[in-house]
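There are 2 protein chains.
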Amino acid sequence: MSKSQVKSVYFHKAGNASVLQIESHDAKEPASGEVRINVEAIGLNRAEVMFREAQYLEAPVFPARLGYEASGTIDAVGEGVTQLKVGDRVSTIPSFSMGQYGVYGQSAIMPEHAAVPYPESLSAVEGASIWMQYLTAFGALIELGQLQKEQTVLITAASSSVGLAAIQIAKQVGATAIVTSRTSAKKAALLSAGADHVVVTDDEDLVDRVMSITDGQGADLIFDPIAGAIVEQLAAAAAQGATLIEYGALSSEDTAFPLMHALAKGLTIRGYTLFEIVQDEARLQRGISFVENGLASGSLKPILDKNFKLEDIQQAHEYMESNKQFGKITVSV
Amino acid sequence: MSKSQVKSVYFHKAGNASVLQIESHDAKEPASGEVRINVEAIGLNRAEVMFREAQYLEAPVFPARLGYEASGTIDAVGEGVTQLKVGDRVSTIPSFSMGQYGVYGQSAIMPEHAAVPYPESLSAVEGASIWMQYLTAFGALIELGQLQKEQTVLITAASSSVGLAAIQIAKQVGATAIVTSRTSAKKAALLSAGADHVVVTDDEDLVDRVMSITDGQGADLIFDPIAGAIVEQLAAAAAQGATLIEYGALSSEDTAFPLMHALAKGLTIRGYTLFEIVQDEARLQRGISFVENGLASGSLKPILDKNFKLEDIQQAHEYMESNKQFGKITVSV
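Sequence order for the protein chains is A and B. Per this note's numbering, the very first residue in the first sequence carries number 954; after that it's consecutive. Per this note's numbering, the very first residue in the second sequence carries number 954; after that it's consecutive.
Because the hints were derived from the structure by calculation, they are not lab data. Fair warning: there could be bad hints in the mix.
Simulated restraints, written as ranges between beta carbons of each label pair [said to hold, decoys possible]:
hint, chain 1, residue 1, chain 2, residue 2, range
1, A, A1141, B, E1103, 50 to 60 Å
2, A, P1070, B, M1003, 36 to 46 Å
3, B, M1003, A, G1194, 29 to 39 Å
4, A, E1103, B, D1156, 29 to 39 Å
5, B, Q1170, A, E1011, 37 to 47 Å
6, B, D1156, A, F1015, 54 to 64 Å
7, A, G1194, B, I975, 33 to 43 Å
One side only, chain A facing chain B, incomplete, derived with CB under 7 Å [said to hold, decoys possible]:
hint, residue
8, A1007
9, L1010
10, A1012
11, P1016
12, T1208
13, F1210
14, L1212
Backbone N, C-alpha and C define an ideal beta-carbon position, used for all residues, glycine too.
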């Protein structure tokens, strides 16, 4: 396959989904320490939308590829690769720079450490859906938040893949999961996905509901990718000594620091990204074991939303931005 | 003394220092679990200014007394008091409600747990100056911040009693103390007090200076009572994985949450008050031992600023609000 043409998604300027283009080029050879994956499926996430818009932590350099999550089979290995071989079925852990690597396409070069065998029981689409969502939620709820049975975790944007992963992890721990959704459209699905309580924020007062559910104590741990104006409410709904983990910037509003709640309750407000887990070898290994065990026991099971074709990558991004999804959006290659 | 008249400071409405009045009344008797202190000296702090202005975490109920810190001799004990006796020389730990107790005056009732013998080598004025400043800085730098040798701590409003206490504790740990001061007026005094570097924020760029001092790494721990606009700069000056401890609201500006720095660096931003230490028996006992040991070894030594008479309590508060002080403002009774 080394001299054959492959298709990849590129963008040449920042912008909306229409900047994404499919282009053909020779398949690249893996350099030292790298492997090449013949891609079967891709998982989409918000970081890629932000990267496309040049709003991400890392700025694109054009022409740019993108994409953190893919599954497939290794079809070439570079020098010095010791843990993986041609034919291995792997999926990618987002522990690399999107500016340097990008998985949207038929072929993806990866540093060896970012390609990990995934459970045989999973389909390729499921395999492309596990690491980002479960490791992100694991890092926040288990490693940083040290969520315990009897505690209450408040999860916003709960219909996202990471939000649903957090619900499953909370239930595995035995904690109470209160989740938010803007409208009632996804309420039944969230309850089916394991949420103990759903607060419909367009209709209900978030602070009142959380205080009512927790007998006035508030939530012990809060996991929020929205930021903006909701942070003040989250701080008001927090328990004494609670931790708020902020892991995104979905809101376009400025985020105020809830100083008076923070002082009165001794709140910890924590910025967090998956990089804190994947760049720490001990945490990453604990995370991989946690996810493998959860998938094996059935307490973790990826919830899949729509599946697109690679040719429809623009529509796939538009769908992600519509906020209509419930679970992981994937692309089959 | 039980039937004699004593003078106390009262205020009958919130406002500037002029609301403080000296009034005479019969000395109160301690109730069960309480002791009465014949007050010799009082230590002033910002919480009392905020309480006077009805801007504090707790609202005054009029007529209100105020004051957290005093030293003196116990002259009466209530029922059930077991650890203290008449004649003991004690100073107060702010582990009580200012609305319920207040020490500005010749006589102060205290719950027994809040009155603690202080080292004999200290004067009454020094005794009234130790617990608030050292326990506050201990809790932040040692208990929460776990400051280590080789680390860098950035201390704002460093000429306050707590700021100076933090410098002394940082030096005891062996950490590097970078401190801020708005003007150069206090620079030499801050260096004499143990600061390794003084950033004059009216003249110098805080972020550039901290990055230059730390070889581009940033500060590992930040201890700030100002909040407002400086928080964005503090986050920019923070190291990867740093903790910002916010322990006050001296600024009248709104405080933005520095979301992008928090995400990119995995920052922890923590609201903190001394109550987290004094209401946790294990932490409090560790703190008392830490302060006693530091005072005995000489690594902690309270830095005293002006001393006022009780009759001049209004001027003492005005002086505190002038920001001209360097160290603890005290009142002799």
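Hints versus structure:
1. Taking the beta carbon of each, A1141 of chain A and E1103 of chain B are about 54 Å apart, inside 50 to 60 Å as hinted.
2. The beta-carbon spacing between P1070 of chain A and M1003 of chain B, approximately 58 Å, falls outside the hinted interval of 36 to 46 Å.
3. A hinted range of 29 to 39 Å is violated for the C-beta pair M1003 of chain B and G1194 of chain A, which are about 22 Å apart.
4. Between E1103 of chain A and D1156 of chain B the C-beta distance comes to about 53 Å, which lies outside the given range of 29 to 39 Å.
5. A C-beta distance of roughly 20 Å is found between Q1170 of chain B and E1011 of chain A, which places it outside the suggested range of 37 to 47 Å.
6. Between D1156 of chain B and F1015 of chain A the beta carbon distance is about 41 Å. The supplied range of 54 to 64 Å is therefore violated.
7. G1194 of chain A and I975 of chain B have their C-beta atoms about 39 Å apart, which keeps the hinted 33 to 43 Å range intact.
8. Taking 7 Å as the C-beta contact cut-off toward chain B, the hint placing A1007 of chain A at the interface is violated, the least distance being around 13 Å.
9. Given hint, L1010 of chain A at the interface with chain B, holds; its Cβ is 5 Å from that chain's nearest Cβ, closer than 7 Å.
10. Taken as an interface hint, A1012 of chain A does not check out: its beta carbon lies about 12 Å from the nearest beta carbon of chain B, beyond 7 Å.
11. Taken as an interface hint, P1016 of chain A does not check out: its beta carbon lies about 25 Å from the nearest beta carbon of chain B, beyond 7 Å.
12. For the restraint placing T1208 of chain A at the interface with chain B, the shortest Cβ-Cβ distance is roughly 4 Å, inside the 7 Å limit, so the hint holds.
13. About 4 Å separates the beta-carbon of F1210 of chain A from the nearest beta-carbon of chain B, less than 7 Å, and the hint is met.
14. Of the supplied interface hints, the one on L1212 of chain A holds, with its beta-carbon coming within about 5 Å of a beta-carbon of chain B, less than 7 Å.
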